[in-house]
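If you read the protein sequences in the order shown, they are chains V and D.
At position 26 of the first sequence (counting the first as 1) the number is 26 in our numbering, and the numbers step up by one without a gap.
At position 212 of the second sequence (counting the first as 1) the number is 212 in our numbering, and the numbers step up by one without a gap.
Any given hint could be a false lead.
Quick list of in silico lysine to any residue cross-link-like pairs, SDA-like style, CA-CA up to 25 Å [as the list claims (entries may be wrong)]: (1) D:Lys155 x V:Arg19; (2) D:Lys155 x V:Leu36; (3) D:Lys155 x V:Phe178; (4) V:Lys111 x D:Pro153; (5) D:Lys156 x V:Ala6.
From the derived model, a few chain D residues whose C-beta atoms are all more than 12 Å from chain V [as the list claims (entries may be wrong)]: (6) Glu14; (7) Leu146; (8) Ser158; (9) Arg299.
I should point out that these hints are in silico values taken from the structure, not numbers from a laboratory.
Cβ atoms here follow ideal geometry from the backbone N, Cα and C, with glycine treated the same way.
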Amino acid sequence: MRKYLAAYGIALQNVLQRRSSLIMDRVGGVAVLASLYYFWLALMNGHKGFFGYSRAQMISYVLAINVLRSFVLTGRGWELVGDISGGRISSYLVRPMSYAGYSLSLDLAQKTVYLGSAVLEIAIFAALVRARFYVPRHWSAWLGFAAATAMSSLLFFVMEFMVSSLAFWTSESGGPLFCFELFIQFAAGAFFPLDVLPKVIRRVLDLSPFPYLVFFPINIYLERARPGETLRVLAIQGAWLAVMVFLASRLWRRGLRGYAAEGG
Amino acid sequence: MPCIAVEGLTKIYEAPEKEPGFLNAVRSFFSRKIRLVHAVNGLSFSIEEGELVGFLGANGAGKTTTLKMLSGLLTPTSGAATVLGHVPWRREAQLQRRFSLVLGQRSQLWWEIPAQETFRLNQAIYGVPEADYRRNLGELVDLLDLSECLNVPVKKLSLGQRMRAELAAALLHRPSVLFLDEPTLGLDVVMQKKIRAFIKDYNVRHRATILLTSHNMDDVAELCSRVVVIERGRLLYDGGLKDLAARYARHKIIRVDFAGPAPDDLSSLGTVVSNGGTRAVLEVPREKVSERAAELLRRWPVEDLTIEEISIDDVVRGIFSGSERGAAS
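Can you make the complete structure from the sequences, with help from the hints?
The following block contains the structure:
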């Protein structure tokens, strides 16, 4: 465990050291936040609610997206792809540690910084635009939201790890990850609440792990979930996590068997 | 039991092939031709504890592939190997804690932050107790002259400083087996000397077993009394560095001092290396050397004539370049 804590520590320093990259990432995040906010504000002009969301709930959904983008839909996928295709994972594979555990430590370090930054951005943004957002009345919504967000962060890490592992087979390895990232923004509800979609598409999406990454955790926060819904979401997230861990570890092991350790 | 034992080790890669040009790019998009490359082909050798062995061969001979199999990065297609009694590609932590792989072109240091942070990370990864860490680090900083580099971000270090920091990161846990791939690549002469002195010292001081690949002749000549030479994945030679020339040089050198001016045309006797004044140097096929020496003595008045082996440098350089001149193929 000590080695992963050490990796977390060094990665935290590294994220903070790469100031310009951090600032650019966060500016991009704020741009998405502002555009979604004004988009929904324009749509709801004159309406009290939209698709069953009150005005405050919809504003909160948009603000919460910024938090979940930073804590859930953020990862080291591209670095992992580069490490595999450029042969850089070699130096980790010869050391007595698990590359997945090491990668998770680095992922958490980045998420720690991004989460802190996202909360600060929302506070400043909400104060500037005087946004009225939704505050859950019951502590269980806070607790459920925190638990579901932690689970979805882990689930996204494993899914992204799995997709990035395809770099063992595809020399032009960015392709699968690029498609994954693009699709996930839409399917997880990171652009808009999934209630907006036609019912058929919703039903299909509900059979996938994607809505459990962003849409359901935010709905728990907004107290739109029926009693018992939180536990159901957590259970399904747990089941998907188990499936993804199984698939990702099999894929990783197979990838390593054929690994060519290219690039000297 | 040898520290490193390799028996019939073979690695076959599948390499995609593509002819140049746009049409061929389209064709290869739909059907890709695969070529099988025998990077290592039935290689066998063994190394005892404390030996420092040079692992030589031309580019693409299979040296790095072998090192990668011995460090567990690659699984061989067939054959067997053990390092300290472990099968390396099982990647057991007990083995990983006892060896290090240093690839000259690869860095394990974190680029944006000082090397000291990577050292701390390695301390945690290898579970080095604090007292041992301080002692080992102090020793490495002294020997590798690293004191001024410890708190500087790695990206600000010179190539030589970075290579020394790289060695320190790889040796903090005192590995008893070390695989070094081109440790002096790209370094200036002074820095090369420092690194070589350090490797020798580490080998003697800790009785470490070291397998070293290098294209730098000075590395090999200064460090390795034994060399393993491979060509196209097969063992070509395994033995003393000195015996290598005697066994693999196809030519010998005849130096001749004539009583008068050296004859203009000596090419019928061998390859003329130099010819000026009263002296000429010829490179002559090994089996013809007595006959050509006798001919020289018979045809011209000669004051002195010596027959020499080709220098070890030339033999090894010949092996590196795969040339026919210095070494047998």
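Consistency of the hints with the structure:
With a C-alpha separation of about 15 Å, the suggested pairing of D:Lys155 with V:Arg19 holds against the 25 Å cut-off. This hinted pair does not check out: D:Lys155 and V:Leu36 have alpha carbons roughly 39 Å apart, beyond 25 Å. A hinted pair counts as satisfied when its Cα atoms are at most 25 Å apart, and D:Lys155 with V:Phe178 does not qualify at roughly 29 Å. Annotation: proposed proximity of V:Lys111 to D:Pro153 holds, straight-line Cα distance about 23 Å (limit 25 Å).
Proposed proximity of D:Lys156 and V:Ala6 is supported: the alpha carbons are some 23 Å apart, at most 25 Å. The beta carbon of D:Glu14 sits about 9 Å from the closest Cβ of chain V, which is not more than 12 Å, so the claim that it is off the interface is violated. With a least beta-carbon separation of about 19 Å from chain V, D:Leu146 lies farther than 12 Å from that chain, consistent with its non-interface assignment. Against chain V, the non-interface label of D:Ser158 holds: every CB pair exceeds 12 Å, the least being about 20 Å.
Even its closest Cβ contact with chain V, about 53 Å, leaves D:Arg299 beyond 12 Å, as expected for a residue assigned away from the interface.
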